[in-house]
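A.B. asks: Spelled out, the chains give:
Protein chains: 2
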Amino acid sequence: MSVSLERVRDLDRQDPLADFKRRFALPEGILYLDGNSLGAQPRAARDAVAATLDQWRDELIKGWNQGWFDAPERLGNKLAPLLGAGEGEVVVTDNITLNLFKLLGFITGQRTDGRHVVLSEGGNFPTDGYIAQGFCRLTDHEHRVLPEGADLAEHLDGVAVVVLSEVNYRTGRRRDMAATTRLVHAQGAEVVWDLAHSAGALPVALNDSGARYAVGCTYKYLNGGPGAPGFLYVRRDCQGEGWQPLSGWHGHAAPFAFDADYVPATNITRFRTGTHSALAYSALEASLALWADVDMQALREKSLALTELFRECLADVLTSHGIEDITPASEARGSQVSLVDTEHGYAIVQALIARGVIGDYREPGLLRFGFTPLYLSHEDVWQAARHFREVVESGEYRDPRFRVRAAVT
Amino acid sequence: MSVSLERVRDLDRQDPLADFKRRFALPEGILYLDGNSLGAQPRAARDAVAATLDQWRDELIKGWNQGWFDAPERLGNKLAPLLGAGEGEVVVTDNITLNLFKLLGFITGQRTDGRHVVLSEGGNFPTDGYIAQGFCRLTDHEHRVLPEGADLAEHLDGVAVVVLSEVNYRTGRRRDMAATTRLVHAQGAEVVWDLAHSAGALPVALNDSGARYAVGCTYKYLNGGPGAPGFLYVRRDCQGEGWQPLSGWHGHAAPFAFDADYVPATNITRFRTGTHSALAYSALEASLALWADVDMQALREKSLALTELFRECLADVLTSHGIEDITPASEARGSQVSLVDTEHGYAIVQALIARGVIGDYREPGLLRFGFTPLYLSHEDVWQAARHFREVVESGEYRDPRFRVRAAVT
Chain Z
1 MSVSLERVRD LDRQDPLADF KRRFALPEGI LYLDGNSLGA QPRAARDAVA
51 ATLDQWRDEL IKGWNQGWFD APERLGNKLA PLLGAGEGEV VVTDNITLNL
101 FKLLGFITGQ RTDGRHVVLS EGGNFPTDGY IAQGFCRLTD HEHRVLPEGA
151 DLAEHLDGVA VVVLSEVNYR TGRRRDMAAT TRLVHAQGAE VVWDLAHSAG
201 ALPVALNDSG ARYAVGCTYK YLNGGPGAPG FLYVRRDCQG EGWQPLSGWH
251 GHAAPFAFDA DYVPATNITR FRTGTHSALA YSALEASLAL WADVDMQALR
301 EKSLALTELF RECLADVLTS HGIEDITPAS EARGSQVSLV DTEHGYAIVQ
351 ALIARGVIGD YREPGLLRFG FTPLYLSHED VWQAARHFRE VVESGEYRDP
401 RFRVRAAVT
Chain E
1 MSVSLERVRD LDRQDPLADF KRRFALPEGI LYLDGNSLGA QPRAARDAVA
51 ATLDQWRDEL IKGWNQGWFD APERLGNKLA PLLGAGEGEV VVTDNITLNL
101 FKLLGFITGQ RTDGRHVVLS EGGNFPTDGY IAQGFCRLTD HEHRVLPEGA
151 DLAEHLDGVA VVVLSEVNYR TGRRRDMAAT TRLVHAQGAE VVWDLAHSAG
201 ALPVALNDSG ARYAVGCTYK YLNGGPGAPG FLYVRRDCQG EGWQPLSGWH
251 GHAAPFAFDA DYVPATNITR FRTGTHSALA YSALEASLAL WADVDMQALR
301 EKSLALTELF RECLADVLTS HGIEDITPAS EARGSQVSLV DTEHGYAIVQ
351 ALIARGVIGD YREPGLLRFG FTPLYLSHED VWQAARHFRE VVESGEYRDP
401 RFRVRAAVT
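These protein sequences, in sequence, are chains Z and E. Quick note: the first sequence, position 114, residue 114 per UniProt numbering, numbers continuous. Quick note: the second sequence, position 58, residue 58 per UniProt numbering, numbers continuous.
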């Protein structure tokens, strides 16, 4: 390959984030390039979950007064620095689908200008469009879709709120959050940012970008565990007015007064709904403790170095086999490499998985590889690229067993 | 006391459910009468959660194809027999607040008769009313409250849907589900049953009652763990039409096709939203394995025997100290004993907790004791009653430290 093994080992010796790998429990013989789907397990997660099991057994109902009840706000405050947000601006709760619905209701309910369009993004992760559809059907708003690649500025007429991903889940393309937020606000619309593929993948700058609303998940780059809870950000000065429509007792100003009428909390707590899983939150809290030690600038530098390394090692073989590299230029990139091969893409990914190199495949034709700087070394990436070359050059992927389709997440 | 220790030990020897107690991990020195708030821990839960942690570590993303993704339907099918429901009629998902919102949207969206009232029940657990308020504000439905104790038949004019609890969380009063469902349907309205305090507390008869819609939680009598997921029931013949408004990708007919348009699954899956916690579901699944061995008729008999025993042991001391026993007659009772003492109730509950007898207190004046036949013996109940007598007769509850209020769940 165009980069030597000696060279990548040298890069690993100089890597300021190298020690984090030891804080993850990683299976033997696996090169995991799918942390953008489900993050690996921080070693501390096991003890944290065991401690919560002990607490359930020994303290029973008292556990709710020993850290469980306040976990949504406490974990939100631990997450906030990774997102460029402040204390009291982030709450960990429910999932992205539900948090988007809350914000669509919260934002449109405060508008008095008659704008009634909810715009979602073509080519974005589908659930963002699905929940916009659900919201619009229920409330007589109009749902429109921004065609992929279209100029947003030309599609904001009558738009009350647009849902945009900072990093696209397929292409890995990163939008300029500050410029886009300015554009949307200048045209009288509001924007909710979906941070699913940016939280933990790169330094997010919510406050500095002027962003008022965002949602995201914690089970990808943040390593919170399978189905770990989502989060929701509302800038502090936007929290006071309006209702969010999924008004449950945990979002009440005084949940244990058992009042008949709903009176929303005036802070980020208003976006909670009902009772959350103490087990799920404890795994995430263990991961957030690890994140507290991470230099996000160093993370970004390593992320770009790893994605570049992978592309550089494969450039010639991609060209010679007609596989397109659609990975964006570094300033507009998340933390993934995206390749397109509509004919053999699925089989190549399956053949890689059979060798222990885990990436994923998304219809149509997309080979997706996520790069997680905390538990991937430069040598890991080099070895993954070596397997990729071998699979493609040998024709190994042509084996019929790699063409059988199964449900994949 | 009016019942001897020998007598209750004899009852324990004859108890067909006595062996279940060994399948729970219970703390030493605690008499737990709060399983109606948070159920105790089945011993199998620890291994089940550890296995899911192993799976996350070793299988990573593949775990979603190894039982995680289908857990909402699989666990729903395990839960169904306890609710008198059939295969494919129950899904384990989200929480009660969110599941009520889905059903309010699903039901009202199918009405064409102009009825626009959503009725909730005064004195019911507040979140049911809160989410009805949120739904009505968002959709221009009218929210009304059925006054506590009022005749439902006189409050159904214009009602599209009413939310009723089978067992009231405060009084433990059980509604006749079959008769009430008939009444509501006959008046052209629909009813959603909240089973929070009946699932696992007594044999629920959804199908036999003619009920079409229900929601509930699994962290109380079902022992699924702190914040374990909720469930939702829709009778099979009512699943086909309409949208539920919280339309996320896990409820799509083909979630991994990543279609731009939302096409709901035509079965119970349509009520799923987004990604759920594999850890939380594994603890619940361990508990449901235990429930598969339970004879629900025997459970009901023991539940009534335990509540009667507690009342009988305390009858004289309640009278002499002006504490009102509002527990309903056995046929109209859930699995709890409810006492009222607006002056000293809070302090009595705190004094009992200090002795290791865990009940709870709800404003105004309610002392609430839940009875869980799987892990409470007759002697446990007798000993709890003995403590209660001593606390009240000695005036122990008058200690100032028992008057300090803290947040309680």
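Any given hint might turn out to be false.
Since the list can't tell identical chains apart, any single copy or any two copies may satisfy a pair.
Using 30 angstroms as the maximum straight-line C-alpha spacing, the simulated DSS-like pairs for lysine-lysine come out as follows [claimed, not checked]:
hint: 1; residue 1: Lys78; residue 2: Lys62
hint: 2; residue 1: Lys62; residue 2: Lys21
hint: 3; residue 1: Lys78; residue 2: Lys21
These aren't lab readings, by the way, just hints derived from the structure by calculation.
A.B. asks: Would you mind marking each hint as holding or not holding in the structure?
C.D. replies: So, going through the hints one by one against the coordinates:
1. Taking identical chains as interchangeable, the C-alpha atoms of Lys78 and Lys62 lie at most 30 angstroms apart whether they share a chain (24 angstroms) or sit on different chains (29 angstroms).
2. Proximity of Lys62 to Lys21 under the C-alpha cut-off of 30 angstroms is restricted to the inter-copy arrangement: shortest distance 21 angstroms between copies versus 36 angstroms within a copy.
3. Taking the closest pair of Cα atoms, Lys78 and Lys21 come within 30 angstroms of each other only inside a single copy of the chain (21 angstroms); across copies the shortest separation is 40 angstroms, beyond that limit.
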